[in-house]
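*Asks:* So the sequences go chain by chain: A and B.
Numbering-wise, the first sequence is residues 1 to 115 according to our numbering.
Numbering-wise, the second sequence is residues 116 to 228 according to our numbering.
Heads up, a few of these hints could be off.
Partner residues are not named here, just some residues of chain B that face chain A (Cβ under 10 Å, in silico) [said to hold, decoys possible]:
(1) 121
(2) 123
(3) 156
(4) 158
(5) 159
(6) 188
(7) 190
(8) 218
(9) 220
For the record, the hints were derived by calculation from the structure and aren't laboratory data.
All of these numbers come straight from a predicted model, not from anything done at the bench.
Every residue gets a Cβ at the ideal spot worked out from N, C-alpha and C, and that includes glycine.
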Amino acid sequence: ETGVTQTPRHLVMGMTNKKSLKCEQHLGHNAMYWYKQSAKKPLELMFVYSLEERVENNSVPSRFSPECPNSSHLFLHLHTLQPEDSALYLCASSHDPGQGDSPLHFGNGTRLTVT
Amino acid sequence: QKEVEQNSGPLSVPEGAIASLNCTYSDRVSQSFFWYRQYSGKSPELIMSIYSNGDKEDGRFTAQLNKASQYVSLLIRDSQPSDSATYLCAVTHAGAGSYQLTFGKGTKLSVIP
Chain A
1 ETGVTQTPRH LVMGMTNKKS LKCEQHLGHN AMYWYKQSAK KPLELMFVYS LEERVENNSV
61 PSRFSPECPN SSHLFLHLHT LQPEDSALYL CASSHDPGQG DSPLHFGNGT RLTVT
Chain B
116 QKEVEQNSGP LSVPEGAIAS LNCTYSDRVS QSFFWYRQYS GKSPELIMSI YSNGDKEDGR
176 FTAQLNKASQ YVSLLIRDSQ PSDSATYLCA VTHAGAGSYQ LTFGKGTKLS VIP
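Working from the sequences, and respecting the hints, build out all of it.
*Replies:* Put into C-alpha cells, the structure is as follows:
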C-alpha cells in the first residue's frame, strides 16, 4: 500500500464522546501534519510533527490532542468536541522542509460530524 | 498575518479554452508556491510547484510566478470537463525549515462541455 491513508473516512460523534483519527504514510516522509478544512474557509494547519517531535501547534483547543508514535503514524484524539468542530480533517506528510522541495501529500480525509 | 488571496469563482470556461487562475500573497519573502487540485469530496492533490520567477510548464499546466508583484498563476490549456474542481494556491513562509504552508480559499473551476 502506498500514499497516505486515513481512517475512518466518516465519523459521527456526540459532544461527550472520545474518538481518535488515524493516519499512516508509506512515502518515507519525515514530517506529518493535521489540517482542518471547513466550508468556505482555507485549509487550517493544526499540528506538525517532524521526526516524531511536535514542531507546530497553531493555537488549537485542547479538546484536540495529537500523537505521533513514529514517523509513519499520526493520531488525532478527540474529546468533548463542539458542533463547530464538524469539518474534513486531513492528514498530510512531506519530506523535511529543510531539505528543499517538500510539497504535501494528503490523505483522503475524515469527514467528522459532531452532534 | 500572512494571507493568500484567490477569487472564489466559480470560473466557467468552455471545453478547449484556456483557464486562468490567479493568486496573490502577502508575505514578500515567501519562497515556495504550490497549486493543488481538489475534486468535490476528495483531498487536495499537488499538480504544480514553482520556486523561481517565470514560467514552469507541465503538460497542459503552466505555473507563472512574479515575486515582485507577489503573484502566482496557473494556466490550464485545452481545458477538459475533468479539470472541473477547486484549485488551491499555497505558499510557504520564509525561513529554512518552515513548516507553515498557507492556503488560499480556492477557486472553483467549471469546464463546460
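*Asks:* Each hint: holds or not?
*Replies:* The hints, checked one at a time:
1. Proximity of residue 121 of chain B to chain A holds as hinted, the smallest CB-CB distance being about 9 Å (cut-off 10 Å).
2. Hint on residue 123 of chain B holds. Least Cβ distance to chain A is approximately 8 Å, under the 10 Å limit.
3. For residue 156 of chain B, the interface hint holds, the least distance from its beta-carbon to any beta-carbon of chain A being 8 Å, beneath 10 Å.
4. At about 4 Å, the closest approach between the beta carbon of residue 158 of chain B and any beta carbon in chain A falls short of 10 Å, and the interface hint on this residue holds.
5. Hint status for residue 159 of chain B relative to chain A: holds, with the closest Cβ pair at about 5 Å, below 10 Å.
6. This hint is violated: residue 188 of chain B has a C-beta 18 Å from the nearest C-beta of chain A, more than the 10 Å allowed.
7. For residue 190 of chain B, the interface hint is violated, since its Cβ never comes within 10 Å of a Cβ in chain A; the closest pair sits about 19 Å apart.
8. This hint holds: residue 218 of chain B has a C-beta 4 Å from the nearest C-beta of chain A, less than the 10 Å allowed.
9. Checking residue 220 of chain B against chain A by beta carbon gives a least distance of about 5 Å; that is within 10 Å, so the hint holds.
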